[in-house]
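Produce the entire structure from the sequences given, and follow the hints as far as they go.
6 protein chains.
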Amino acid sequence: MNRHLIKRHIERADAQVINRLGEAGTATVHEAIGRVGYVGPFLRPIQQDTKIAGSAVTVLSHPGDNMLIHAAVEMCGEGDILVVTNTAPSTHGMFGDLLATSLMARGVRGLVIDAGVRDTADLRSMGFPVWTQHVSCQGTVKNTPGSVNVPVILGGVTVQPGDVICADDDGVVVVERADAAWALEQSDARIAKEAVMRDRLAAGELGVDIYGLRQKLIDLGVEYID
Amino acid sequence: MNRHLIKRHIERADAQVINRLGEAGTATVHEAIGRVGYVGPFLRPIQQDTKIAGSAVTVLSHPGDNMLIHAAVEMCGEGDILVVTNTAPSTHGMFGDLLATSLMARGVRGLVIDAGVRDTADLRSMGFPVWTQHVSCQGTVKNTPGSVNVPVILGGVTVQPGDVICADDDGVVVVERADAAWALEQSDARIAKEAVMRDRLAAGELGVDIYGLRQKLIDLGVEYID
Amino acid sequence: MNRHLIKRHIERADAQVINRLGEAGTATVHEAIGRVGYVGPFLRPIQQDTKIAGSAVTVLSHPGDNMLIHAAVEMCGEGDILVVTNTAPSTHGMFGDLLATSLMARGVRGLVIDAGVRDTADLRSMGFPVWTQHVSCQGTVKNTPGSVNVPVILGGVTVQPGDVICADDDGVVVVERADAAWALEQSDARIAKEAVMRDRLAAGELGVDIYGLRQKLIDLGVEYID
Amino acid sequence: MNRHLIKRHIERADAQVINRLGEAGTATVHEAIGRVGYVGPFLRPIQQDTKIAGSAVTVLSHPGDNMLIHAAVEMCGEGDILVVTNTAPSTHGMFGDLLATSLMARGVRGLVIDAGVRDTADLRSMGFPVWTQHVSCQGTVKNTPGSVNVPVILGGVTVQPGDVICADDDGVVVVERADAAWALEQSDARIAKEAVMRDRLAAGELGVDIYGLRQKLIDLGVEYID
Amino acid sequence: MNRHLIKRHIERADAQVINRLGEAGTATVHEAIGRVGYVGPFLRPIQQDTKIAGSAVTVLSHPGDNMLIHAAVEMCGEGDILVVTNTAPSTHGMFGDLLATSLMARGVRGLVIDAGVRDTADLRSMGFPVWTQHVSCQGTVKNTPGSVNVPVILGGVTVQPGDVICADDDGVVVVERADAAWALEQSDARIAKEAVMRDRLAAGELGVDIYGLRQKLIDLGVEYID
Amino acid sequence: MNRHLIKRHIERADAQVINRLGEAGTATVHEAIGRVGYVGPFLRPIQQDTKIAGSAVTVLSHPGDNMLIHAAVEMCGEGDILVVTNTAPSTHGMFGDLLATSLMARGVRGLVIDAGVRDTADLRSMGFPVWTQHVSCQGTVKNTPGSVNVPVILGGVTVQPGDVICADDDGVVVVERADAAWALEQSDARIAKEAVMRDRLAAGELGVDIYGLRQKLIDLGVEYID
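Residue numbers (this note's numbering), protein chains in the order written: chain L, 1 to 226; chain W, 1001 to 1226; chain C, 2001 to 2226; chain P, 3001 to 3226; chain V, 4001 to 4226; chain Z, 5001 to 5226.
Hints may contain errors.
What the hints assert, rightly or not - DEER-style ranges, computed between Cβ atoms: (1) W:Ala1189 to L:Gly107: 30 to 36 Å; (2) P:Leu3220 to C:Glu2078: 26 to 32 Å; (3) C:Gln2047 to V:Gly4107: 52 to 58 Å; (4) W:Asp1226 to L:Gly212: 53 to 59 Å; (5) W:Ala1189 to C:Ala2202: 40 to 46 Å; (6) W:Asp1188 to V:Ala4203: 49 to 55 Å; (7) W:Asp1014 to V:Phe4042: 43 to 49 Å.
Honestly, the hints are just simulated from the structure, not real lab data.
All figures in this text were calculated on a predicted structure; none of them were measured in a lab.
Backbone N, C-alpha and C fix where the C-beta goes; we use that ideal spot for every residue, glycine too.
Here's what the structure looks like:
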């Protein structure tokens, strides 16, 4: 049965680990954990060159109704990222500079929302980063119940409250809370490996050789011609 | 019957009022006038951090044909915004730097178009702001009749010639000409109210308390759990 | 029959001509060559204010598989633009900073891809320009054969290896290799003509007069009213 | 200001005229009245070979909330078509077989909705025709106010309560109430003209000759070659 | 870490319960279980008037690669529904009449797929029902690993192997296996309640009265006018 | 340079071969010729259970302008399929029952169009099959030049006049004229092979065994578990 719940307390991953996952970036983390957790290309940043990670506080709302976002604010703390989902597609501007002011007062790092936001110029100048599907000045109501800190699905990925959200110019990746330390380890390994690779490629070596693809291509029936 | 008309003279709202509606911004004005007039999330600016208002000079064109935009130029004056709509969806780049040069020479403030524009780098460097559905270098013809300064529908909102167009990073809002002064009054009231609210939220007060949502949530069957 | 081919050598247009087509820009070139060659509004730059041209090295890949991009690198040289197409729609981030490093080491000028890219912040800071349909951190596999330097179709336009790709803020235009010199000639003529037109329009002359549209409008049944 | 209104009484066009507009069909009526009134290709029938017209009873709802549809039922009578619009895009199944039962009991002829419907198999077997943007079994709430029998915008066309809605396999066309008799006259004339044309074309005459396009094509620079 | 698994054995709900959920239909079941489990309006049937339920056998594939569908066949049995998802959006025709022949030989009831299918005329004449996002004759490869009978996300809903899939003209609803009996109970109750309601509405009673909405509308500020 | 041409005479493939390619169906032909020629999932039939092939007579039009379709009629003969493309996306209903009457009088088999059509109920009852992107009653003008029987690009595939168009419930496939006989040969071989396969699968054999995928899956790292 579908109860509406607001859960006050959630577990979070280690703050240090979260911060370093943020620095690693979504492409690295997504690769490092086995190419899972990416929420898809339709959630885009409203700013450039911002790279963060934080603990998910989740919201499930009715389209065009932001009452539960208001309810979620007090569940947010230092280092969190608010993740807002809807029970159906929505283009509403469900979030603006007032809610951002409130979240910044609590140390929240950003917003990920599968609907729309407004006051985007203000949000950028306040330094509050947002990943969203739409920008829209259309206002919302406060009439229909929903939930806070329940599992939600964001662009084809399950987000549990307390999961680590990584977000940057390439999109949003979700790391399960229990996997955070391992994910960082894998990411660090990948970063080290990529640094070596970058040097070799910059020096003119070819991926087709490094990855041994030449023979594979021929085995697959590809013909080299002049 | 569907006549093609070019109307030379239109009524405009008070210039002072228009300018101050521009400063208020679309989200504020849209809220202030009762959440109407927003043309939807698919008309996006090609620039950032521009916030204007002006009087609508309207165009109704055939897709991929910009003859009526040329006809509209001389109907535009100081403080106007050109609003171009099409009889069917279009991705054409119907407007570029030459038309912008012509409009700037007449004091026009910007363009809102439900098709596409081109020369976007030039438009940005000229300081001519545009809200559009597409960017496309595809050129247009000049063959099919249309109208200037007739009522048009832009993204689900009726625009009468002389209505006030507000446009910024959050999109485009239409204020009926007769409502302009009242809309400004409402916007000013809202801005004042929001300033107070912003201070309270920044100080840590919660929207859920300020708006009295706690009891409402419980009345709607939402359960707080730990 | 559909063979998978990797063609090593391609013909290129004159380097001088290519460079000057890049400076002319897509809108000018597209107009100059008779309004053909534009690949449509869904391939967008990840950067602003970059304007390039180069010789197409083409790739045809399976969705979500970038093995052929790796194979294409060694076919690329100074002044080329890599053009990646897929056998079906794809949102994958098929290209990132490592491949860009490799291409920059060879003097490649940029990428046009009808799928997605990742590491976009890095690509911008490296100065490697990209035109793409999606930004996505989702990784790819290297399993399915494809081709390099075969004719491909990009957004409704045929691209032959060695064709000139012009790309800027307005999108991407393809000029057939054999037409490059003629296209430049036409573009130069158009630029000269537009400069004159720009001055006249800036001085307040009207397009409706310059293009002789007043009578045409009336002949088409358009009525001027007050 | 945006008041929520439910208007009890509306004017309707002549019943005879409405019925005959229904028989004429949308393509004919749309042409006859000067190519206006078509609501666009995104409202599609859930059934085939149904061709109706009726008087619009209009609804403006919040996305995912069908309270106002319930409120509208008693404003509907013999020969009406319910026209449901939303303040923002919605995919919800806002209407199903129970509401159809209620409307059929009042002699309503069909539904046009810019969101979604459900129970589509039942609606077809009940013989209640629907034009909709989506089919979706997702249920709605009854929390947010809206209006009945106010002017609404449906797919870029204004619908006044009492306007004539024509709907068939080709979509939906709106005829202003005051124009209904004239629209029928024009439609009848067109039908007569098309019958003659159909015979001529069936006999092998060519449109290019009948419409005198041969010379026009040549004047426009088209060359006939072998 | 992202392992590729093919799980041979899954638990299924009671066959009797499943069959009766199929008869109840998606709109009823979705409502009965609290408005959850609906996979969205983008998965549509290729046939009309088919209403089924079955146990989910799940597949997770690479776009344009149907090797795992082949691997899944032997995991399917009497009364199952094959649920195919992809790691990224795909339009490929990943399934056709041969795979349907194979599944029908095992008693499988239908297919739900978030990509495309082909041989649709044959599938309809064979009586093998399909819910899909696209119809496409484009063929697939068999190169990239994936999984069978792992949890997948279909249109924003988690599907565990063995969950009950209900599918009809209104779309697809997922019922968690453990909830199947309860869902049927709730559905039966709802069907009974709706039968009464249908009679009352058919007799001319109004939903606005039955649901007590008149007062609610007025309390929400809606005004009745004449 | 972009000239507007109407070419009177085109070469066609052998009529017998064309007819038999029509019977083979798009999925078979597409597979048989190496998975090329498919125009994508966005061109859909307005009817069910029709399976045809014919010689392409091609049209390139301006959006919302059907003058060139009229010009193309006299270039069509027995067994042809009219292929209409546009210089930019269009939703217009560019074709209806009068043009179909004219084409049927000449023995034309059907229409493929990347815009919209109207009079769809009539077209179905006349037995004139259509594959289209949109259904729309919106009328067109006859003002802008275009071409007949030039190479066009349809959904990412080049169509030369006289190429064989195969169309059925799964979409549209283009076979180059010179490949028609070979394509039929390949299709016949495939049909024979599929008949054998169908029998084996119906008898309960598994594709995973027939195609030898079990070992391949394990080699790719897929694990079978219980």
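Going through the hints against the structure:
1. For Ala1189 of chain W and Gly107 of chain L, the hinted distance range of 30 to 36 Å is satisfied, since their beta carbons lie about 32 Å from each other.
2. Judged by the Cβ atoms, the range 26 to 32 Å given for Leu3220 of chain P and Glu2078 of chain C is violated: they are separated by roughly 44 Å.
3. Roughly 56 Å separates the CB atoms of Gln2047 of chain C and Gly4107 of chain V, a value that falls within the hinted 52 to 58 Å.
4. Remark: the range hint 53 to 59 Å for Asp1226 of chain W to Gly212 of chain L is upheld by a beta-carbon distance near 55 Å.
5. Checked against the hint of 40 to 46 Å, the pair Ala1189 of chain W and Ala2202 of chain C passes, with Cβ atoms roughly 42 Å apart.
6. Remark: the range hint 49 to 55 Å for Asp1188 of chain W to Ala4203 of chain V is upheld by a beta-carbon distance near 54 Å.
7. Distance hint check: the CB atoms of Asp1014 of chain W and Phe4042 of chain V are about 48 Å apart, consistent with the given range 43 to 49 Å.
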